[in-house]
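J.: Now for the letters of each chain:
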Amino acid sequence: MGKIILLVEDNPDDELLTRRALKKNNIGNEVVVARDGAEALDYLFGTGVHDGRDLSVMPQVILLDLKLPKIDGLEVLKRLRGDERTRLLPVVILTSSKEQQDLVDGYGYGANSYIRKPVDFAQFIEAVRQLGLYWLVLNETPRRGG
Amino acid sequence: MSLLRGLAAHLRHAALAYAVLLVAIILTLLAFYYVRQNVEASARVRFDDTVLTSQEAIVRRLERYVNVMFGARGLFSASTEVTEEDWRGFVASLDLENRFEGIQMLGYARADGPDSFPITYAAPLNDANGGLVGYDAYAMAADRAAMDRARDGGEVEMTGKTFVLSEAPRSALGDLVLETGVVAYLPIYRRGEPVRTVAERRRALEGFVVSYLPTDRVLAGIVDESYDPSVDVEVYDGAGLTPRNLLYDSDGVQRASEGQTASGSSGGAFAEVTDLPVGGSAADRSARDDSVPVDVAGREWSLYFETLPEFDRGENIRLPLFVLLSGLGVSLLLFGITYMLVRARLGAEEASAGMEEANRELEVTNRELEAFSYSVSHDLRAPLRSIDGFSQILLEDYADDLDEEGKDYLGRVRTASQRMGRLIDDLLGLSRVTRGALRRERVNLSTVAREVADGLRESRPDRDVEFEIQDGIEVHCDPRLVRVALTNLIGNAFKFTEKEERARIAFGEDLELSSRGRVPVYYVRDNGAGFDMEYADKLFGAFQRLHGSGEFEGTGIGLATVQRIVHRHGGRAWAEGEVGRGASFFFTLRPGLQIDPSHLSGREGPERGRVAVTATGEARSVGREGEGRPLRVLLVEDSPDDALFVLRELRRGGYRVSHERVETAGACSPPSRGASGTSSSRTTPCRASAPRRRSSCSGPGTGPTCRSSSSPGTSGRTRP
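Chains as they are written, first to last, in our numbering: chain A, 1 to 146; chain B, 1001 to 1720.
A few of these clues could be false.
[Unchecked claim] Some chain A residues judged to face chain B by a derived CB distance under 7 Å, without partners named:
1. Asn11
2. Asp13
3. Ser96
4. Lys98
5. Glu99
6. Leu103
7. Asp105
8. Asn112
9. Arg116
10. Val119
11. Phe121
I should point out that these hints are in silico values taken from the structure, not numbers from a laboratory. What you are looking at is a predicted structure, and each value in this text was computed from that prediction instead of being measured. Virtual Cβ for every residue (Gly too), placed ideally from N, Cα, C.
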């Protein structure tokens, strides 16, 4: 079982580009995509469409867009951090926003990293490469319950 | 209806003012009333005094004159025989002229039978009196009545108004005149005869002492001595105030109205007296005159007094009016002031209400703007990412299916989308500069500039740029905004010195300008591409660029951002430059005096330089093939992409491009008209700086023989 990446992204283009960037960087991890905040929470807590999911399998890293339908990214983050099961999951905010307030809020709610999606695809690939390297290879996450 | 409502609103607003007016007017009226009462009372007292004094004087004078007659009767009692000489001596001893001025004649009328009393003696002897001897007055009814009363009563009795012959004043033409006057009679009874009853008196009557009294002269004496000249005194015989009865008038103008009687005069006329100066009427009269009928020697006289205009000059008769008018003036003034104060307060309240409204609207607008910026930041960028990303994917994955032109186009798509990304960022930056409060604190500009310079140096290690940053420049300003401004200015200088071998960028304070502007003036100076002063005013507008996008990259928002930051600090920003010689950007962070850059530089300013737009896309496209007259088109376009796009469309439309040159250069003169077939000649040398496309095609009719210096295969192609 490889390490799962949860990509919370409503824009199919961005999803495709992210997948491609991962592929370009030889990151072959399974990517689970949630199209909105509610779906992401469903996946993480085994509710709704993901009812009955094995909750022992948690993503290695969550790539979280901020501007999402239904429940926005910051709200998702807040709920993750408020739940014992997902409290320690690494969350990387991956967003277009460069607003200072978003950055402050993101870190304030407990995001582990904040990456701004550049328009330049080459830069984007580079960002994803570093992201993958850090969160999927270098970073050690604490064992749950431990 | 609306008028009424308007009036009601006006009254509501100005209620205070009207209240003030009302109170002030009431106070004024009270003051007026009080002052008028006082003035009136004092005038009345004066008038009453005058009346009393005059009355007493008249009575006393007449008594004295009458007493003289008793003296004369005494003469008859004392001697058995009174001769004419005795009589004259007696009268002369009285010294009438000095002591009893006005007595015209003192005479003795001896009874010549019961019905005849001719004047026997008349003294003093003069022309008027001389003729009187022998004159029997008893024949005259008026005289007879007086004589009868005197005979029966034993007292002095006077006739009513009559005329007395007297000597004319020296100034008069004639010798004798008839003067208004009265005649007084005192009976003389024979010595030793009883006079207790009327019958006894009639029996004992021997004659009369007669006194001729011209009233004008008799009374003039008193009036002159004892009397206030501003009050007119008229003396009437009897109770009727008619000209017929008038005995004496101190001013010669009869003022008492006919028919008025001493007993029936109206009270309260005095009130009218105080009105005299206002009405100016001479008809006003005093009531007190009529209440003083006096009994003089058996006759009732009426004394009529009236104030003359002069009387009121002595009183502060104008004081009440003055009080009234000035009080009303002050009232109106108070009303005006209060009204203006009320209006000012209402205005201020309205203005503050309007301001609050405006503030609320501004807050809403600000919130909307925030939301808008946020949305722009998020949503506008996402499609760009797709455009750029998928273009890249096409280039990578489908490279074999694309020819060079296709790849070039995709490359342009990517460049454009990335550029738009930068535009969005810069626009957001610009809008962010405007939002939020300005927080001033002590900032070391030298340190900030050095940090910016270090950042730039790190970003381009390949470049050799010399920074000269003046030390110790401290200023009170918003640190975040000023850092943005300096980043833009120094970044600009860094960018436009890219083509210099030895780039120099300086930051500091211009002391000369500082002293002229009375405010510190900072500068960022470079030796880069510079600009034409003719367009200096366009530098700071958003999206204004003086350089083609192909020559120097940038969005044209940086300087607009700088200006906005400077303006928020109350300062100014301006620039000086010359093409190819570098540029200087100046700014202040506090309000100061206006500095005209052209004066300071000592140069001519806007007239200098020629180069306007340094990147000129120029394409010559001439006529459809086969047509007689070629159509010449000059295309001036700074965006290479757009120029390419237009050329492409022209070719599609069947036009043959005979001459195409895309230059990143300044104002090149167009090729001369007859220069077909050859490359255009230039009269102004253009700076050949990194041309993207440069191709020259032959003119019409010479066939498609275009050469291109770059991107072979993409230019110069013609379609049949």
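J.: Now tell me if each hint is right for this structure.
T.: Hint check results:
1. The beta carbon of A/Asn11 is positioned within 7 Å of a beta carbon in chain B (closest approach about 5 Å), and the interface hint is therefore held.
2. Restraint check, A/Asp13 versus chain B: the minimum CB separation of about 4 Å is within 7 Å; hint holds.
3. A cut of 7 Å between beta carbons decides the hint on A/Ser96: the least distance to chain B is about 4 Å, and the hint holds.
4. A distance limit of 7 Å between C-beta atoms decides the matter here; for A/Lys98 the minimum to chain B is near 6 Å, and the interface restraint holds.
5. Hint status for A/Glu99 relative to chain B: holds, with the closest Cβ pair at about 6 Å, below 7 Å.
6. The restraint placing A/Leu103 at the interface with chain B is violated, with a minimum CB-CB distance near 12 Å, outside the 7 Å limit.
7. The interface hint given for A/Asp105 is broken, as the beta carbon of that residue sits about 12 Å from the closest beta carbon of chain B, more than 7 Å.
8. Here the hint on A/Asn112 is broken, as its CB sits about 21 Å from the closest CB of chain B, past 7 Å.
9. For A/Arg116, the suggested interface contact is broken, since its CB lies about 9 Å from the closest CB of chain B, more than 7 Å.
10. Among the interface hints, the one on A/Val119 holds; its C-beta lies about 3 Å from the nearest C-beta in chain B, closer than the 7 Å criterion.
11. The beta carbon of A/Phe121 comes within 4 Å of a beta carbon in chain B, closer than 7 Å, and the hint placing it at the interface holds.
Going through the hint list in order, the structure does not satisfy hints 6, 7, 8, 9.
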